[in-house]
Amino acid sequence: GAVVSQHPSRVICKSGTSVKIECRSLDFQATTMFWYRQFPKKSLMLMATSNEGSKATYEQGVEKDKFLINHASLTLSTLTVTSAHPEDSSFYICSAQGGTEAFFGQGTRLTVV
Amino acid sequence: SQQGEEDPQALSIQEGENATMNCSYKTSINNLQWYRQNSGRGLVHLILIRSNEREKHSGRLRVTLDTSKKSSSLLITASRAADTASYFCATVFSGGYNKLIFGAGTRLAVHP
Numbered sequence: 001g002a003v004v005s006q007h008p009s010r011v012i013c014k015s016g017t018s019v020k021i022e023c024r025s026l027d028f029q030a031t032t033m034f035w036y037r038q039f040p041k042k043s044l045m046l047m048a049t050s051n052e053g054s055k056a057t058y059e060q061g062v063e064k065d066k067f068l069i070n071h072a073s074l075t076l077s078t079l080t081v082t083s084a085h086p087e088d089s090s091f092y093i094c095s096a097q098g099g100t101e102a103f104f105g106q107g108t109r110l111t112v113v
Numbered sequence: 001s002q003q004g005e006e007d008p009q010a011l012s013i014q015e016g017e018n019a020t021m022n023c024s025y026k027t028s029i030n031n032l033q034w035y036r037q038n039s040g041r042g043l044v045h046l047i048l049i050r051s052n053e054r055e056k057h058s059g060r061l062r063v064t065l066d067t068s069k070k071s072s073s074l075l076i077t078a079s080r081a082a083d084t085a086s087y088f089c090a091t092v093f094s095g096g097y098n099k100l101i102f103g104a105g106t107r108l109a110v111h112p
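As they're listed, the protein sequences go chains A and B. Going by my numbering, 66 is the number at position 66 of the first sequence; the sequence numbering is gapless. Going by my numbering, 84 is the number at position 84 of the second sequence; the sequence numbering is gapless.
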C-alpha cells in the first residue's frame, strides 16, 4: 500500500515552545490530509482537514491559532503546535487520502514538560 | 458528535477462539472501514465495506454491515496472540472531504 511518513516519531519540548510535525505522502499525491489527536487508550479525534493550497478546515472545539496547519504541496502537510503546554501532550497522527483508502503515518508522541 | 460507539471496549480471549467486535454509527455513510492499531503506533487498514454491501471477507476477517441498524461487526476467526491490538471502525460520511470519523475502539487481548 501507499506510504505516509510522519516525523518526528517522538518529541519532548518545553512549555511555551512550538513544535512542528510533518506528514508526507511518499509515493502518491494527496490533495487532502487529516490530522488526528489520540489520548491514551482512547480513540482518534479528528482535529482538522488539511487542503493543499487552501486553509485547513478545523473541527469544532479545535483552536486554529493553537494548531497551525500548512499544506504547502501535494505531498506535505505540517502541524505546528504553538506555545505548547503540558495539556497538549498527546499522540498526533496524520493520514493522507489515496483514492477511497486513507493511509496513516506512524504518529508523533508529543510530551510537553 | 459523529463518532460511533464500539463494544465491547475490551475483550480478552484465548488463542484459537473467535473475537467479535461491534460498531454503531449515527448518520448515513459512504463506507465503513476497520483499522487495527498496535500500542502507540499508527493505524493499519484492515477492510472496507461499502454502504451497499452486507458482508465482506478478508482472510480470517469477516465484516458485516447493517445500514438499517447503523451497525457493523468485525469477526476475527481462530485468533492468534499477534492479533492483540486495538481495533477501530471508522466511517466516511456522505458528502464532504471523505474524512474518517473513528469509533471508540475495542482493545483485544489474545492470550497464548
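These are computed hints drawn from the structure, not numbers from a lab. Treat the hints with caution; some may be incorrect.
[As the list claims (entries may be wrong)] Short derived list, chain A residues pointing at chain B, Cβ under 8 Å:
{"id": "1", "residue": "43"}
{"id": "2", "residue": "44"}
{"id": "3", "residue": "46"}
{"id": "4", "residue": "49"}
{"id": "5", "residue": "93"}
{"id": "6", "residue": "100"}
{"id": "7", "residue": "101"}
{"id": "8", "residue": "102"}
{"id": "9", "residue": "106"}
{"id": "10", "residue": "107"}
{"id": "11", "residue": "109"}
We treat Cβ as the ideally placed atom computed from N, Cα and C, and that holds for glycine.
Hint check:
| no. | hint | in the structure |
| --- | --- | --- |
| 1 | 43 | holds, 5 Å |
| 2 | 44 | holds, 4 Å |
| 3 | 46 | holds, 6 Å |
| 4 | 49 | holds, 5 Å |
| 5 | 93 | holds, 6 Å |
| 6 | 100 | holds, 7 Å |
| 7 | 101 | holds, 6 Å |
| 8 | 102 | holds, 6 Å |
| 9 | 106 | holds, 4 Å |
| 10 | 107 | holds, 5 Å |
| 11 | 109 | holds, 7 Å |
When each numbered hint is compared with the structure, no violation occurs for any of them.
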